[in-house]
Amino acid sequence: MVGLSIGEKYFIQGGIAQDLRTDGRKRLSPRPIFVETGNISQSNGSARVRIGATEVIASVKAELGRPSALHPDKGKVSINVDCSPTAAPMFEGRGGEELSSELSVALQRCLLGGKSGSGAGIDLSSLAIVEGKICWDLYIEGLVVSSDGNLLDALGAAIKAALSNTGIPRVNVAAGASGDEQPEVDISDEEFLQFDTSKVPVIVTLTKVGRHYIVDATSEEESQMSLAVSISVNRQGNICGLTKRGGAGLDPSVILDMISVALSVSERLINTLDSQRAAAEAGKDEL
Amino acid sequence: MRGLQLSLNQTQKVRLQRALEKLESLSSKPNSNASVIVADSIPVNHEDGLLKGHGTSEVNGEVVATVCGVVERVNKLVYVRSLRARYKPEVGDIIVGRVIEVAPKRWRVEINYSHDAVLMLSSMNLPDGIQRRRTALDELNMRTIFEENDVICAEVRGFQHDGLHLQARSQKYGKLGRGQMLTVPPYLVKRRKQHFHNLEKYGIDLILGCNGFIWVGEHVEVTDDMVVDQVSNSEQQSAKADKKILSPEEQERSYTPQETRENICRTANAIRVLSTLGFNITVEVIMDTVELSISLKQQVPIHEMLGAEFYVLVAEKEAARRSLTKKK
Numbered sequence: 001m002v003g004l005s006i007g008e009k010y011f012i013q014g015g016i017a018q019d020l021r022t023d024g025r026k027r028l029s030p031r032p033i034f035v036e037t038g039n040i041s042q043s044n045g046s047a048r049v050r051i052g053a054t055e056v057i058a059s060v061k062a063e064l065g066r067p068s069a070l071h072p073d074k075g076k077v078s079i080n081v082d083c084s085p086t087a088a089p090m091f092e093g094r095g096g097e098e099l100s101s102e103l104s105v106a107l108q109r110c111l112l113g114g115k116s117g118s119g120a121g122i123d124l125s126s127l128a129i130v131e132g133k134i135c136w137d138l139y140i141e142g143l144v145v146s147s148d149g150n151l152l153d154a155l156g157a158a159i160k161a162a163l164s165n166t167g168i169p170r171v172n173v174a175a176g177a178s179g180d181e182q183p184e185v186d187i188s189d190e191e192f193l194q195f196d197t198s199k200v201p202v203i204v205t206l207t208k209v210g211r212h213y214i215v216d217a218t219s220e221e222e223s224q225m226s227l228a229v230s231i232s233v234n235r236q237g238n239i240c241g242l243t244k245r246g247g248a249g250l251d252p253s254v255i256l257d258m259i260s261v262a263l264s265v266s267e268r269l270i271n272t273l274d275s276q277r278a279a280a281e282a283g284k285d286e287l
Numbered sequence: 001m002r003g004l005q006l007s008l009n010q011t012q013k014v015r016l017q018r019a020l021e022k023l024e025s026l027s028s029k030p031n032s033n034a035s036v037i038v039a040d041s042i043p044v045n046h047e048d049g050l051l052k053g054h055g056t057s058e059v060n061g062e063v064v065a066t067v068c069g070v071v072e073r074v075n076k077l078v079y080v081r082s083l084r085a086r087y088k089p090e091v092g093d094i095i096v097g098r099v100i101e102v103a104p105k106r107w108r109v110e111i112n113y114s115h116d117a118v119l120m121l122s123s124m125n126l127p128d129g130i131q132r133r134r135t136a137l138d139e140l141n142m143r144t145i146f147e148e149n150d151v152i153c154a155e156v157r158g159f160q161h162d163g164l165h166l167q168a169r170s171q172k173y174g175k176l177g178r179g180q181m182l183t184v185p186p187y188l189v190k191r192r193k194q195h196f197h198n199l200e201k202y203g204i205d206l207i208l209g210c211n212g213f214i215w216v217g218e219h220v221e222v223t224d225d226m227v228v229d230q231v232s233n234s235e236q237q238s239a240k241a242d243k244k245i246l247s248p249e250e251q252e253r254s255y256t257p258q259e260t261r262e263n264i265c266r267t268a269n270a271i272r273v274l275s276t277l278g279f280n281i282t283v284e285v286i287m288d289t290v291e292l293s294i295s296l297k298q299q300v301p302i303h304e305m306l307g308a309e310f311y312v313l314v315a316e317k318e319a320a321r322r323s324l325t326k327k328k
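Chains as they are written, first to last, in UniProt numbering: chain A, 1 to 287; chain B, 1 to 328.
Everything labelled a hint here was simulated from the structure, so no lab data went into it. Fair warning: there could be bad hints in the mix.
Unchecked claim - Straight line, CA to CA, 16 Å or less: simulated EDC-like cross-link-like pairs of lysine to aspartate or glutamate:
1. K22(B) <-> E316(B)
2. K244(A) <-> E141(A)
3. K190(B) <-> E262(B)
4. K105(B) <-> D138(B)
5. K175(B) <-> E200(B)
6. K175(B) <-> E148(B)
7. K9(A) <-> E304(B)
8. K26(A) <-> D93(B)
9. K172(B) <-> D138(B)
10. K26(A) <-> E304(B)
11. K9(A) <-> E148(B)
12. K76(A) <-> E36(A)
13. K76(A) <-> E63(A)
14. K26(A) <-> E259(B)
15. K199(A) <-> E141(A)
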């Protein structure tokens, strides 16, 4: 991220105050979003999302594992984000670690629900195969390929798209195993089960610059922010998670405003994601 | 046209395709002999003392190109000027750059070149406009002229033993104030007589840097400080000092006027569209595009300028323009 001169900073702040940002957008209009699914053939599901110059890839890998002793009837999900050093010079070496861990924690909070897995966007009990013995472990990996602001929203959208692209092989459990023995399983190569991703939320980040807040900030605008509130909303319009970055204070009534804005933005975002996915699938059928 | 990201519908796709085909058919043919792609052999008569330059290699006694581009010959030297190359400075280029370091007697400037450029304190006019030797005091006050991250405009002076040197020996060069800097591929900006443009109609300044950095900003009146007498100068300074303690409301009022800002955004978006489509960026084409967007104000608000429909319109307009100039 290069620095900005005083004149440029002033211009960006003025633009946000006057509701006309440097690329001609209004405060609450996002950039167009482009989604491709199924890019990585080795994974069970993957998606690449581009918002302006921001580009992220998410992949979902399913592996057989043992459920934890506390929740024998549930599978496990882990989310991890990596920042590629090609995205920005500051991600080189260990530079990206802070941002990666911040992003993964925020995504975990938005998508995974409570400790027991209840209320999560992903239904963990659908991942169980044999209670207490075998379950699916989902490894969700995010990769930031290039960064131009609004990474969290892009990653959220990519993970949602990747999950809806995910097919988990059907597993046939050989009968007869009993006691402590690990039952034998047969993984089908042809039959795949689709996920129910209707509960998976999308994330909308509202960045406050000066006295106003904006949707889908570019990295130049993010450099001028005082705080950012990320709200994850699902299809039903319920809030699944809320995180705030930046130390500046915020009036409680502003948060309510932000939430209602996030609701309308997220509805549009979910519809775009769905229509893009449908278009991509239709395009594949034609080929 | 690589990596064009647009959600075109069927008709738009067809229209864009047609416009691009037309552009391709109009592209100049006479030069095609000189243009080569990788592994093309370059015809040379093997006299003694042939010099193989950049982008060439000898395979089986034949000189072949290793990059796509245009073959250039200078006396015995044969080299290939590559098409999608990084910016290569030439003496006299007007460039826009960003100061990245204030060093003893010099500023280091990022100019999109493989090295950073150097602007010496001695190769720029002092703010007081008097020609004199630079003292140690001037050196201490360098940050009052340019700071880190400032966007500046300068001219390429030439290569010296310690790198590429810039100069800013006129009032038109120097720090750029309010506006935005855009980055486009440098090969889209051709060297011309005029790189500074004051678009009076829109109240904006446009600087097309040869290095692919383009400045679009609020118009600033160039004042010759030598004529300004001492009194008004000190008045200005006191006004400046007052400016720093403004309440948010006052600050809002001193922002760029809405109309100017709209024009800046329109111009910037026009440049973005042109550079994505890969058209040469000249002030005429930019102004045509801006006027096109203004004439369609109802259908194309500023933020829609980066949408699919406007891209198609611009491509069609460019095709029409080129066929017109061709006929002439």
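Going through the hints against the structure:
1. K22(B) <-> E316(B): 9 Å, holds
2. K244(A) <-> E141(A): Judged against 16 Å, a Cα distance of about 23 Å means the pair is violated.
3. K190(B) <-> E262(B): 27 Å, violated
4. K105(B) <-> D138(B): Measuring from Cα to Cα gives roughly 9 Å; hence the hint holds.
5. K175(B) <-> E200(B): Judged against 16 Å, a Cα distance of about 20 Å means the pair is violated.
6. K175(B) <-> E148(B): 11 Å, holds
7. K9(A) <-> E304(B): 24 Å, violated
8. K26(A) <-> D93(B): 36 Å, violated
9. K172(B) <-> D138(B): 21 Å, violated
10. K26(A) <-> E304(B): 11 Å, holds
11. K9(A) <-> E148(B): The given pair, whose Cα atoms are some 13 Å apart, holds under the 16 Å limit.
12. K76(A) <-> E36(A): With a Cα-Cα distance of about 26 Å, the restraint between K76(A) and E36(A) is violated, given a limit of 16 Å.
13. K76(A) <-> E63(A): Within the cut-off at roughly 10 Å; holds.
14. K26(A) <-> E259(B): 15 Å, holds
15. K199(A) <-> E141(A): 19 Å, violated
Checked against the numbered hints given earlier, this structure breaks hints 2, 3, 5, 7, 8, 9, 12, 15; the rest are met.
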